[in-house]
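Enquirer: Top to bottom, those sequences are chains Y and C.
Each residue of the first sequence is one higher than the last, beginning at 195 in my numbering.
Each residue of the second sequence is one higher than the last, beginning at 17 in my numbering.
If you are wondering where the hints come from, they were derived from the structure by calculation, not from laboratory data.
Heads up, a few of these hints could be off.
To be verified - Away from chain C, derived, C-beta distances all over 12 Å, residues of chain Y:
id	residue
1	K236
2	D280
3	T332
4	S341
Said to hold, decoys possible - With a cut-off of at most 25 Å between alpha-carbon atoms, the simulated BS3-like pairs for lysine-lysine come out as follows:
id	chain 1	residue 1	chain 2	residue 2
5	Y	K364	Y	K348
6	C	K37	Y	K308
7	C	K99	Y	K286
8	Y	K234	C	K37
9	Y	K320	Y	K262
10	C	K19	C	K30
11	Y	K284	C	K97
12	Y	K364	Y	K432
13	Y	K284	C	K90
14	Y	K284	Y	K348
15	C	K99	Y	K284
16	Y	K308	C	K30
17	C	K97	Y	K286
Note that CB positions come from ideal geometry on N, CA and C, so glycine has one too.
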Amino acid sequence: MTASILIVDDMTDSRLLLDALLSDTYRIHLAVSGQEGLDKVKQHTPDLILLDLIMPGMDGLEVCEILKHDPDTQDIPIVFITGSTDDNEKLKAYELGADDFIHKPVNAEELTTKVSKILASQTSLKEAREMSQMAQQTALIAMTNSSELGMILKFMESANEATSFEALAKHLEEITQNFGVICCFQFNYEDTCLNFGNGCVEDSLEARMITEARKAGGIIGHGKRMFFNQHYVSMLVKNMPVEDEDKCGRYKDNLSMLLSAANGIAKTIGIGQSVARQRKQLIKDTLDSTFDRTQHIMSLIRHLESSTVNVVQDARLSFEEALYSLGLTEEQENNLIGIFNSAMDKMDTVKETAVEVEDTMTMVVKVFEKLLNEDETSTPKD
Amino acid sequence: MSKLHNPSVVDNLKQLIGEDKFSVILSSSRASLEGILSELKTAYTSSDHETMRRAVHSIKSSVGNYGADPVSQKAEEMELKYKAQDLSGAASEIEEMEDLVQALLTELEAYL
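Excised from the complex, chain C in its bound form (with noise of 0.2 Å):
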């Protein structure tokens, strides 16, 4: 099974800053991705499709920096439907999304 995210990315970041203050983003991103997507939840059932649409964009913006290019494109297309109003489906696309997150979050453990 292919990873979500892009390896060399999530090295050459490492590298780049450290290990000490990556664990520390890292531990951020996961924080700030299950708070993001519990906010997302919360949109959904009020229907505010701007704060949704928000909440994807965060979540394409933190992924981004792992190279999670998979979680980014799903966010990225949520992003647009939910600009455009559009809330068709978006149940199913927030649970997918949620797995997708999870699944990131898993991968990326193994950098720690």
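So that you can see chain Y by itself, here it is in the shape it has in the complex (with noise of 0.2 Å):
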């Protein structure tokens, strides 16, 4: 685009004069007065003002100091053109910002150097500066993002100890309220299929639409609703900020890395969820069949107490027939009977023995019976 240049000077001819050497390689305003001058600059705002320093009225030094204070015209270059012998007026026009001088009568190489080398540089601290505005624009995406990667490497570090899939989803809320998002989420792990979040439960409108979303796979898209899957763990971001493109593609990327983060700690809690299962499985078979063969011994032991009472019984039957036919002494049939009666003590007391036996173990039957049944109601639904 061509450059513009504002010539403000009262002397016609001189006005005339810079514009015949000028208007051919730029655009060229003129203003007759300090006055018209600043009423041109806010007019055209030109790229460079070329001022006469000494103008009736208002005068080129007080034109720049005016220019020089609104921070809308401070950075427009002034050169002044000024046929001024006088090194305290240059001086003070330098204090007060003018970027060059211009002596008259003009040399037109003079001239058309200054001003094309005064251009260039105001060119390219143009473009240093939205390249400086740029790069702070950067830093601030670069923090913003940081600040979300922050977010995430928290939400790795506290939701790796979840245990339960109910535990995951609710640090998934807490992260995705972080980022000011609407979120549902459905975890898959072999046959269990489990709904959370903003009313998303099992047959909901949402479960059904993430269930859909999850064959398809990837990353899908409908206007505000996004649908992120993964191989245990899908999610449906309800309000995606698709009016800011660069906030949405950020959020795209990083809410991707949060849910692939998600999927291994849910492939963790499922693989944990089953293992548990094998094992109490393999608990409850041990104790069912412990409880069986200790039944079978009780049934043998009291078979057993049964077998010796009657056995001790028939003795002491055979013993007292047998006592009254030999013809002893009283006293040879009680030294007899008192050896028998000791020999039945003895049976008692192993009888005795076998009771406490039993008893033992229908404690440890009892103690089975009570952990089949706490298992039966321990196993875990997720």
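Put the two chains together into one complex, using the hints given.
Expert: Right, here's the structure in full:
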């Protein structure tokens, strides 16, 4: 785009001469006084001002001071055109922010060279400022992104301790709230399908939509709604910031990363729960088997106990019959009865031991029954 | 008699901006200089040395474009005096300046 120059000079011939020398290369605006010069600056915002130093009314120094104190115009370079040889005036002009001087009578080559150089450096300055602004913007985006990545790292740290899908869902809800997005989550592990967050329950519209989107896999967007799918977990974001293209792109990347991290944790939870179920089943089978064996032992003990009583009773009857048929003295009978009773007492002790064994076994069976019942009620549902 | 203007400066200017623009600028210089001389004389009657200083400064700038060094030098001398608020001999200086400017403009007419 052609650069524009404002020439401010009260002398018509000087104005026209500068115009004639520069108008083939630049767009020229003319002003005959300091005040008109200020008005034209507001109107056209020129890239450079050629300003006569000595003018009636508002002189060049005054115009320069006003422009250099205005944030909207302070960066416009000002070159004084002067026939003055007064160094104090020049010094004052520099102090006020003048960029250069061109002496009257104007040397055409000096004029075009200075104008060209000042405009080139002005362009470089503008580009540098734009680059600086762009760098600041980039830094801001990087800091925001870094903050979002920080949140994801924190999530990974805390959610890694989750031992159930419900706990993992709570962590996901917390971080997505911090992102400012409304989300639903669905976990799929083996035959288990669980839904969490913002009205997403089994058979809800959200749950059905996620199930459908999960079949397609990857990331699917429908306006503000966006589905993110991983193997063990899917997420529906209901309010992606589509109005801000940069933010939306960043969220897409970061939420995808978040779900990837959640997927790994969900897998660990799934495997853990599967192993726990298998272990409990093994314990249950072992308990069942031990319970059956214990019952069998108890029935054997009872049978043994019953048999022992019968044997003892039979032995007592046979002993008494034999004792009376032997014709022994009373003393001899008493001695034999003493020996027999002593043996019977020992048998009673054996019987009592058997009863103790039975009681103990009964207690063991009760403990097994309790363990089996507890195992039934504590089997995880998720 | 030597010329008040520098022919090479004028030729160079004419070549640089073209004859048409040169004519316009020269006509403009004539009108400006006549106006300034009138302003100078009026300012002198009221001893307005600042306006007088500015007027001769403008004359110096205007004639400088044509390489009219003798006129420029005279204008500069007058400018320094008026700046120092010294108006002694101003009447004759102004007359002399008027003659110089008229003579210069007559010389420059030849370029049209």
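Enquirer: State for each hint whether it applies.
Expert: We went through each hint and held it up to the structure:
1. Non-interface status of K236 of chain Y relative to chain C is upheld: no Cβ of that chain comes within 12 Å, the nearest being about 27 Å off.
2. Once the 12 Å rule is applied to beta carbons, D280 of chain Y is inconsistent with being away from chain C; the minimum gap is 8 Å.
3. Look at T332 of chain Y: its CB is around 48 Å from the nearest CB on chain C, clear of 12 Å, so calling it non-interface holds up.
4. For S341 of chain Y, the shortest C-beta to C-beta distance to chain C comes to about 62 Å, beyond the 12 Å cut-off, and the non-interface label holds.
5. Annotation: proposed proximity of K364 of chain Y to K348 of chain Y holds, straight-line Cα distance about 14 Å (limit 25 Å).
6. Note on K37 of chain C and K308 of chain Y: the hinted pairing holds, with a Cα-Cα distance of about 23 Å set against a maximum of 25 Å.
7. A threshold of 25 Å between alpha carbons decides the hint, and for K99 of chain C with K286 of chain Y the separation of about 18 Å falls inside it, so the pair holds.
8. Only pairs whose Cα atoms come within 25 Å are accepted, and K234 of chain Y paired with K37 of chain C is accepted, the gap being roughly 24 Å.
9. Simply put, K320 of chain Y and K262 of chain Y have alpha-carbon atoms about 17 Å apart, close enough for the 25 Å limit, and the pair holds.
10. With a CA separation close to 18 Å, the supplied pair K19 of chain C and K30 of chain C stays within the 25 Å bound.
11. A hinted pair counts as satisfied when its Cα atoms are at most 25 Å apart, and K284 of chain Y with K97 of chain C qualifies at roughly 20 Å.
12. Restraint check: the Cα-Cα separation between K364 of chain Y and K432 of chain Y comes to about 17 Å, which is no more than 25 Å; the hinted pair holds.
13. A distance of roughly 22 Å separates the Cα atoms of K284 of chain Y and K90 of chain C; the hinted pair therefore holds under the 25 Å criterion.
14. Restraint check for K284 of chain Y and K348 of chain Y: the C-alpha separation of about 63 Å exceeds 25 Å, so the hint is violated.
15. Only pairs whose Cα atoms come within 25 Å are accepted, and K99 of chain C paired with K284 of chain Y is accepted, the gap being roughly 16 Å.
16. At roughly 21 Å between alpha-carbon atoms, K308 of chain Y and K30 of chain C fall within 25 Å of each other, so this suggested pair holds.
17. Restraint check: the Cα-Cα separation between K97 of chain C and K286 of chain Y comes to about 22 Å, which is no more than 25 Å; the hinted pair holds.
The structure does not agree with the numbered hints 2, 14 stated previously, though it agrees with the rest.
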